[in-house]
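A.B. asks: Given only the sequences and the hints, what does the whole structure look like? Please build it.
Chain residues, written in single-letter form:
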Amino acid sequence: MNEQQVEHSLIRLKDSIAINRDLQKKLRTEFIALQKRYRKRRLSRWMAVTAAMTAAVIALAIFLNPFAGTAVVSAASLQVSGQGSFVDIGAVRPLGAEEYDGTVYIPVFDKGLYAYDSQGMHRISDRRLDEIRVNPDGTKLAWASEGTIGLYDIRSQTWTVLCEGGGAGNVYYENPSWESKRKLLFVRKEIASGNAHGFETKFSEIFELDLDSGKQRKLADGSFPSYSKKSDSLVYQKDSDSGSRIVIRPLDSGEERILDNGRFPSVSPNGSYVAYVKTDQNQRELKPGASVETNVDNVWIANIDGSSMRAVTSNTPWVQQDEKQWANSVHADPNVPYVLMESGLYSYYNPSWSSDSQSLFVMKGKNAEGSSMSLTRIDLAKNILPAEETVKAFERAAISHDDDFARSLLNHPADYTPNSDRIGFRIAGSGTVSGREYVEAEETWADTAGGPQSTVTPVRYYVDKTERGYRIDSIEKLNGGTAVRQENDDSVVLETDSGNRVLFKPDDIPSNVAPAGKWKLASLAYEPHTNSLLFTVQSLGEDAGVSLIRYDISSHAFQLVDRMDHAGSLKNLVAGNLILSSDGLYAALELSSNNEPPNRSHVLVYDLKKKSGLVPDEQLAETPVESTRIFYMDGRTLHLTMNSEGMNMQFAWDAADKKFVRP
Amino acid sequence: MKEPFIDMYEKYYDDVYRYARWKTPNSWDADDIVSEVFRKAFEHHRTLRDQTNPKAWLLTITRNAVTDFYRRKRNTIPSDGIEQESGDPPMVERLIRGDELDCLRSALQYLPEPDQEIVSLRYFAEMKFDGIGQVLGKPGSTVKVRTGRLLKKLGIMVRRCMEGADKNE
Numbered sequence: 003m004n005e006q007q008v009e010h011s012l013i014r015l016k017d018s019i020a021i022n023r024d025l026q027k028k029l030r031t032e033f034i035a036l037q038k039r040y041r042k043r044r045l046s047r048w049m050a051v052t053a054a055m056t057a058a059v060i061a062l063a064i065f066l067n068p069f070a071g072t073a074v075v076s077a078a079s080l081q082v083s084g085q086g087s088f089v090d091i092g093a094v095r096p097l098g099a100e101e102y103d104g105t106v107y108i109p110v111f112d113k114g115l116y117a118y119d120s121q122g123m124h125r126i127s128d129r130r131l132d133e134i135r136v137n138p139d140g141t142k143l144a145w146a147s148e149g150t151i152g153l154y155d156i157r158s159q160t161w162t163v164l165c166e167g168g169g170a171g172n173v174y175y176e177n178p179s180w181e182s183k184r185k186l187l188f189v190r191k192e193i194a195s196g197n198a199h200g201f202e203t204k205f206s207e208i209f210e211l212d213l214d215s216g217k218q219r220k221l222a223d224g225s226f227p228s229y230s231k232k233s234d235s236l237v238y239q240k241d242s243d244s245g246s247r248i249v250i251r252p253l254d255s256g257e258e259r260i261l262d263n264g265r266f267p268s269v270s271p272n273g274s275y276v277a278y279v280k281t282d283q284n285q286r287e288l289k290p291g292a293s294v295e296t297n298v299d300n301v302w303i304a305n306i307d308g309s310s311m312r313a314v315t316s317n318t319p320w321v322q323q324d325e326k327q328w329a330n331s332v333h334a335d336p337n338v339p340y341v342l343m344e345s346g347l348y349s350y351y352n353p354s355w356s357s358d359s360q361s362l363f364v365m366k367g368k369n370a371e372g373s374s375m376s377l378t379r380i381d382l383a384k385n386i387l388p389a390e391e392t393v394k395a396f397e398r399a400a401i402s403h404d405d406d407f408a409r410s411l412l413n414h415p416a417d418y419t420p421n422s423d424r425i426g427f428r429i430a431g432s433g434t435v436s437g438r439e440y441v442e443a444e445e446t447w448a449d450t451a452g453g454p455q456s457t458v459t460p461v462r463y464y465v466d467k468t469e470r471g472y473r474i475d476s477i478e479k480l481n482g483g484t485a486v487r488q489e490n491d492d493s494v495v496l497e498t499d500s501g502n503r504v505l506f507k508p509d510d511i512p513s514n515v516a517p518a519g520k521w522k523l524a525s526l527a528y529e530p531h532t533n534s535l536l537f538t539v540q541s542l543g544e545d546a547g548v549s550l551i552r553y554d555i556s557s558h559a560f561q562l563v564d565r566m567d568h569a570g571s572l573k574n575l576v577a578g579n580l581i582l583s584s585d586g587l588y589a590a591l592e593l594s595s596n597n598e599p600p601n602r603s604h605v606l607v608y609d610l611k612k613k614s615g616l617v618p619d620e621q622l623a624e625t626p627v628e629s630t631r632i633f634y635m636d637g638r639t640l641h642l643t644m645n646s647e648g649m650n651m652q653f654a655w656d657a658a659d660k661k662f663v664r665p
Numbered sequence: 013m014k015e016p017f018i019d020m021y022e023k024y025y026d027d028v029y030r031y032a033r034w035k036t037p038n039s040w041d042a043d044d045i046v047s048e049v050f051r052k053a054f055e056h057h058r059t060l061r062d063q064t065n066p067k068a069w070l071l072t073i074t075r076n077a078v079t080d081f082y083r084r085k086r087n088t089i090p091s092d093g094i095e096q097e098s099g100d101p102p103m104v105e106r107l108i109r110g111d112e113l114d115c116l117r118s119a120l121q122y123l124p125e126p127d128q129e130i131v132s133l134r135y136f137a138e139m140k141f142d143g144i145g146q147v148l149g150k151p152g153s154t155v156k157v158r159t160g161r162l163l164k165k166l167g168i169m170v171r172r173c174m175e176g177a178d179k180n181e
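Protein chains in written order, with the working numbering: chain P, 3 to 665; chain X, 13 to 181.
Just so you know, these hints were derived from the structure itself, not from any lab.
Keep in mind that the hints are not guaranteed to be accurate.
Pairs of lysine-lysine residues, derived as DSS-like cross-links and limited to a Cα-Cα distance of at most 25 Å, are as follows [as the list claims (entries may be wrong)]: (1) P:K613 / P:K522; (2) X:K23 / P:K28; (3) X:K150 / P:K16; (4) P:K16 / X:K156; (5) P:K27 / X:K14; (6) P:K38 / X:K52; (7) X:K164 / X:K140; (8) X:K140 / X:K52; (9) P:K28 / P:K38; (10) X:K52 / P:K384; (11) P:K113 / P:K368; (12) P:K220 / P:K183; (13) P:K611 / P:K573; (14) P:K520 / P:K507; (15) P:K27 / X:K52; (16) P:K191 / P:K204; (17) P:K185 / P:K240; (18) P:K16 / X:K23; (19) X:K150 / X:K164; (20) X:K52 / P:K28; (21) P:K16 / X:K140; (22) P:K661 / P:K394; (23) P:K240 / P:K220; (24) P:K394 / P:K28; (25) P:K232 / P:K217; (26) X:K164 / P:K16; (27) X:K164 / X:K23; (28) X:K23 / P:K27; (29) X:K14 / X:K52; (30) P:K384 / P:K231; (31) P:K16 / X:K14; (32) P:K612 / P:K16; (33) X:K14 / P:K38; (34) P:K231 / P:K289; (35) P:K183 / P:K217; (36) X:K23 / P:K38.
C.D. replies: Okay, here's the thing in structure tokens:
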């Protein structure tokens, strides 16, 4: 390869780097506004520029960084800018997770320690751990397992035991966390048999361990210690007969103060906030002698000085039966009151902060029989989301079945109906009508009940600006939707507001476009902006292949895009669902192979311009992927679900950059 | 005469972004760095001398921002590398086999850090040799000669990588 060819390839590589145009526009708008502001000032030229630049730097810094600014943002004014569950670990004990610099460390009950990052989800160790905490520079994990605590060095992959407990003894070491790079906090507990049955905790003490000298000193009575460098304080959980409380104690003064009721406190790495789980308990009388008691968990954040706090989740009671019917069915006796207990739809455990203090990770369990524990990320920001971003967040939450977050973005949460068929969306624009602000989206739906079908529906979201950010007030389906489907007689039909019309029948496909031999139409995707249809044709028989064909609805022309007898390492292909990116440049196609077990599925991401495809899960060398399915498409980012070792996880693949990105 | 900030911003945004994106693990980090770079440039634009090369100035700010980014995130500073002339290209087995661009990406990782920097500035930030020289503190002629040598080296590495791929098909 000569130098000219190398240069040519380097230029191609340069062209493959996607540039963020949204950022470009955003910054441009800000700089122009700042420049205009400078010109209008009436102060003396030097004072005006100096003052304006100072204000501009702070304003720009605050605009660009959600947590910048000289003052700590009050917890109550922080916004939840996103929430999503991305790993479903099954119906097991919730153990928590820790994030550092984009890698999420997840201990899974009875399976081992995993790392989730852009390389997939891979097992680091078979060791059964109960807890982990990553140290401030991301090089070590403090761990607890069956009453013993120790350290794991991530780089050298070595394990060290610090304090051994559990087993036949009564002393247990738990809840390790980091005070600094060389000081650890932990809990020493003594368990004894209970008076009637079970076990009770005789004492639970918080210790500090100096890793260099080995010296230990007791700091307090309690559990789940966490340290705030900012206020040089210990934050921990203290239990009593009246419940669990979050307590803060400066290390020098020793005076405790109660922050709030709650459990599992976790201080943010920047030392400014505490995250915890709080259960709101309410009791309502339905009739004399019959009442309902709700105990609903939510995740809360508070400023370390206790000045401000708010819930960052929107859990609601899990209503399993009609309250009035129940009340009527009980023979209430005021001396023997009946109480209907309702928990929340979800329970939360072990919140932890991302290393940049801008997100929370929490274990979320759905309180329905047989449901799973999932790891959820909650993103926080100082500024409210603009209207379009709010609608995008709603779309993502609705598609991902993060229904609590979806409801939290509505003015009328009771009207929300979960729907699993939406597979993509695109923000089409925004505006105002009759004084009401709105955002329009095009939503793509797939119907799996009948034959192949693709529907694109324009929807208008009316939004209100509130203190808590934009909220969706009402949703209106607009005219102009399009559905394309294959009928029972195999004809492909286009359905619009003006009626149905047959686009084509199988025999209409030219012989040089259709594959030889027997075949059937497998899946289709309608592309509104080119008014075309992309569909797959499955060859039947030995060495099955898949043809990707485009039909231009206006010109009635068929074009063979590609004929595939293999995709990556897959051969003998069987086509499944098909979706398109909102710009029509990329397609995602579920594929399986007749050479593999029937439930083994892959996804091919196909560049329609370059006519080349890639199977993302083949990039994850260290993740034993059992199956991959299309979840939904968000712009050019394909969200996939993957099954691996009995866990279901979500990944996001940037079709343009050809790499995994944070979901 | 010094051009207005907005003109400079529009003119060099793509080059700064591509450089930052190539140097960082994901687009969010690249976005943060690019925002920081232009914020600093906006702050200091008034003090820029008329004769200063604005693109070299911007890319210098960007290089420093990338260094700070790694220092903050990992407590390590990306190696500037010791000036050295490498020997033979690495063994082909170490290169990930694949198509031409995959081979090229792999080969770039095996270049010494100073050569990687020249490639990033020349081909991703589209800088001229003199401009690169200003950023790296070297004469433009030295950069030009070095570029010729590393293109030859890359050509050999990519060819071996692709030959290795062909043999295994």
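A.B. asks: Holds or violated: are the alpha carbons of K164 (chain X) and K16 (chain P) at most 25 Å from each other?
C.D. replies: holds, 19 Å
A.B. asks: Against the 25 Å threshold, does the CA-CA distance of K185 (chain P) and K240 (chain P) hold or violate the hint?
C.D. replies: holds, 22 Å
A.B. asks: Just to be careful, I want the Cα atoms of K23 (chain X) and K28 (chain P) compared with a cutoff of 25 Å; is the pair within it?
C.D. replies: Given that 25 Å is the threshold and the Cα spacing comes to 16 Å, the pair holds.
A.B. asks: Does K613 (chain P) pair with K522 (chain P) here, judged by a C-alpha cut-off of 25 Å?
C.D. replies: Roughly 22 Å between the alpha carbons, so the hint for K613 (chain P) and K522 (chain P) holds.
A.B. asks: Are the Cα positions of K661 (chain P) and K394 (chain P) separated by 25 Å at most?
C.D. replies: holds, 22 Å
A.B. asks: Within 25 Å, alpha carbon to alpha carbon, are K240 (chain P) and K220 (chain P)?
C.D. replies: It holds: about 15 Å lies between the C-alpha atoms, which stays within 25 Å.
A.B. asks: Does K38 (chain P) lie within 25 Å of K28 (chain P) when you go C-alpha to C-alpha?
C.D. replies: Holds - the C-alpha atoms of K38 (chain P) and K28 (chain P) are around 16 Å apart, at most 25 Å.
A.B. asks: What's the verdict on K220 (chain P) and K183 (chain P), does the C-alpha distance respect the 25 Å limit or exceed it?
C.D. replies: Holds, because 19 Å separates the two Cα atoms, which is no more than 25 Å.
A.B. asks: Taking 25 Å as the top limit, are the C-alpha atoms of K23 (chain X) and K38 (chain P) close enough?
C.D. replies: holds, 20 Å
A.B. asks: Holds or violated: K113 (chain P) and K368 (chain P), Cα atoms, limit 25 Å.
C.D. replies: holds, 21 Å
A.B. asks: Is the straight-line distance between the alpha-carbon of K384 (chain P) and that of K231 (chain P) 25 Å or less?
C.D. replies: holds, 22 Å
A.B. asks: Take the C-alpha atoms of K52 (chain X) and K384 (chain P), compute the straight-line distance between them, and say whether it is at most 25 Å.
C.D. replies: holds, 22 Å
Hints 27, 31, 34, counting from the list given before, are not met by this structure.
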